[in-house]
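2 protein chains.
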Amino acid sequence: MSEARVQRLLGLLEEQGLDALLVTGRQNVRYITGFSGSNGVAVLRRDTSALVTDGRYKEQAAREAPSWETDIYTRDITDEIRARLADSTSVGIEDSSSIAFQSRLATALPDVELKPTSGMVEQLRALKEPGEIEAIRAAVESAAKAWETLLPMIQPGVTERQLAAALDYRMMSAGADKPAFDTVVASGPNAAMPHAKATDRPLAEGDLIVIDFGALKDGYCCDVTRTVALGEISKRAVEVLGAVRSSWDAGFASIAPGVAAAHADLAARGQLERLGFGEEFVHSLGHGLGLEVHEKPTLSKLSKETLEPGMVFTIEPGIYIEGEMGARHEETVLLTTDGCEILTKGINL
Amino acid sequence: MSEARVQRLLGLLEEQGLDALLVTGRQNVRYITGFSGSNGVAVLRRDTSALVTDGRYKEQAAREAPSWETDIYTRDITDEIRARLADSTSVGIEDSSSIAFQSRLATALPDVELKPTSGMVEQLRALKEPGEIEAIRAAVESAAKAWETLLPMIQPGVTERQLAAALDYRMMSAGADKPAFDTVVASGPNAAMPHAKATDRPLAEGDLIVIDFGALKDGYCCDVTRTVALGEISKRAVEVLGAVRSSWDAGFASIAPGVAAAHADLAARGQLERLGFGEEFVHSLGHGLGLEVHEKPTLSKLSKETLEPGMVFTIEPGIYIEGEMGARHEETVLLTTDGCEILTKGINL
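Chains A and B are the protein sequences, given in the same order.
Residues 14 to 362 in the numbering used here are what the first sequence spells out, letter by letter.
Residues 14 to 362 in the numbering used here are what the second sequence spells out, letter by letter.
Take these hints with a grain of salt, some might be off.
Note: identical chains are not told apart, hence a pair may lie in one copy or across any two.
Derived DSS-like pairs (lysine-lysine); straight-line CA-CA distance at most 25 Å [what the hints assert, rightly or not]: (1) Lys71 <-> Lys314; (2) Lys210 <-> Lys71; (3) Lys191 <-> Lys358; (4) Lys191 <-> Lys210; (5) Lys358 <-> Lys158; (6) Lys191 <-> Lys158; (7) Lys128 <-> Lys317; (8) Lys71 <-> Lys191; (9) Lys158 <-> Lys210; (10) Lys191 <-> Lys314; (11) Lys248 <-> Lys128; (12) Lys248 <-> Lys158; (13) Lys358 <-> Lys71; (14) Lys128 <-> Lys210.
For the record, the hints were derived by calculation from the structure and aren't laboratory data.
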């Protein structure tokens, strides 16, 4: 698997006239080498590639990236990178790398031309392989099991924090490595913040409660949001829930292979605008996910990407009314040649 | 609080001949503005400073950074930054920023000279204010409460993953916002990896179990490691535990205001070398912590920093024997003018 990815990447390198590529993004390194540690750089070359890391990860690198030569540095990672690139002239460096790292490399390799590259590995990662889709399904399964047992707990008096802690614990107990991101439990007026943190606010009758969660398992994420209505809710809240739902449906219906990502955003947004909630939808429609919870493609009105079979992404319109309430509906979906499969469908209210 | 920090930073700006500074590091932005969202840039100027973020964070920015003017961008963050910097000539940009961001800024601001700056905010963050130390103490309290109830659970047959999930849940139940980092529960041969992930391995009689955990509360971290001996352990394991402990003592004893961070590392390392475990201590002695779990100072043999009163950092020597076992002892300590206080002392075996 790693070998096929490396070959595709080497092809892109050649197209861009590069002798080598420095892969620095943590999940990019993982994608092409298998190594999941927090400190590693993959030096990719047509002849011999290498993974450079430090002594803490010696055993882990050998286990996770057995087909890669591994260099352990002791003083500075640029020492080992220099040794690997001594005879290169034109080397790509991921433009997500820091300015500081680029500057240290420039000092270590005065005769090498460093060329920032944009999204090369990310472009490969956007199209999921069957094994990756299975990994996402496994993450969904942990999230679904946790959700099922959580539902009876959603009662007046229980705090947002208690609910978030229980959900995280149950995902891990159901096989997740950890939550894929900070679990959002935002109730009543707190739900007006799309990225609210769980607070000590107790749930109350009449609340809309936005619960945005996902599991991370074997490196892969899922991401789902449910808005729970607690007891009897206002007419306005019913209207908000219905609008979000119909916006989701409009977004979903617009998606097919070859459709512009921006088109999907506009389809969902247009529906909210028609219902008078255009101003209250303050973020984009969705995002790809996989090794990271936000990756390519971006489903926003400014996106220039095209949706293709093999992409996994979220559809998540929301309405946020300051000081009052909020609602969001989110599913993780897989686009295939036949259409769109809702991977998180089993997570039911 | 934010105002005093801004004034100190403006002083550093003037020293470096900069008209303005772009603060991009998430925790740096939080430190000087109070805003804790995932997408924000602080544009710091002597006259009017501003926080730039997107629509998802409008309400949160107003609440968390009430004294800051906030600009919400819709298309590209560089649009708003340009508007704030139109009349500047020399602007600092944190060198932890990405190459891509620097390049977009250079395009947006062709007449401005962008100068990478290194560790300006981090330098302020290294010296903790009383309120920050209280926040770290509160994080320790959550971790301590969780640990206390966890001890009876450490039994043969319980898996690493179960233990990690329970510890995370109990920290959150005790008031933590979340774990400060991925909780390590590494037993038997797994403990030979300093950054092992919790696996499905069941604990067994005779194991050394390295448990490295910390709570994050109101933005601040703590970090502690305990090595638990399960039942009767080998003579070799006893020796390893003792060596780690004496190395910790040697490191701790070496620390005082004005001591070089490298000296502390060498003191602990020297002790392990004398005991024949020099090669098995594969990482540095410790790291500062606060808003991040790794920040200044770095206690390594290559560090050029000096330990000063007000710094909070870990002391954490370890021994890692591939395929066999591992042990580590770690405390979070506060250096004062009087000496060193062990903040995590209450987390007992």
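We went through each hint and held it up to the structure:
no. : hint              : verdict
1   : Lys71 <-> Lys314  : between (45 Å within a copy, 19 Å between copies)
2   : Lys210 <-> Lys71  : between (37 Å within a copy, 15 Å between copies)
3   : Lys191 <-> Lys358 : within (21 Å within a copy, 28 Å between copies)
4   : Lys191 <-> Lys210 : both (17 Å within a copy, 11 Å between copies)
5   : Lys358 <-> Lys158 : within (13 Å within a copy, 38 Å between copies)
6   : Lys191 <-> Lys158 : both (14 Å within a copy, 21 Å between copies)
7   : Lys128 <-> Lys317 : within (23 Å within a copy, 31 Å between copies)
8   : Lys71 <-> Lys191  : within (24 Å within a copy, 29 Å between copies)
9   : Lys158 <-> Lys210 : both (23 Å within a copy, 22 Å between copies)
10  : Lys191 <-> Lys314 : neither (32 Å within a copy, 34 Å between copies)
11  : Lys248 <-> Lys128 : neither (57 Å within a copy, 55 Å between copies)
12  : Lys248 <-> Lys158 : neither (32 Å within a copy, 44 Å between copies)
13  : Lys358 <-> Lys71  : neither (41 Å within a copy, 31 Å between copies)
14  : Lys128 <-> Lys210 : neither (39 Å within a copy, 35 Å between copies)
The structure does not agree with the numbered hints 10, 11, 12, 13, 14 stated previously, though it agrees with the rest.
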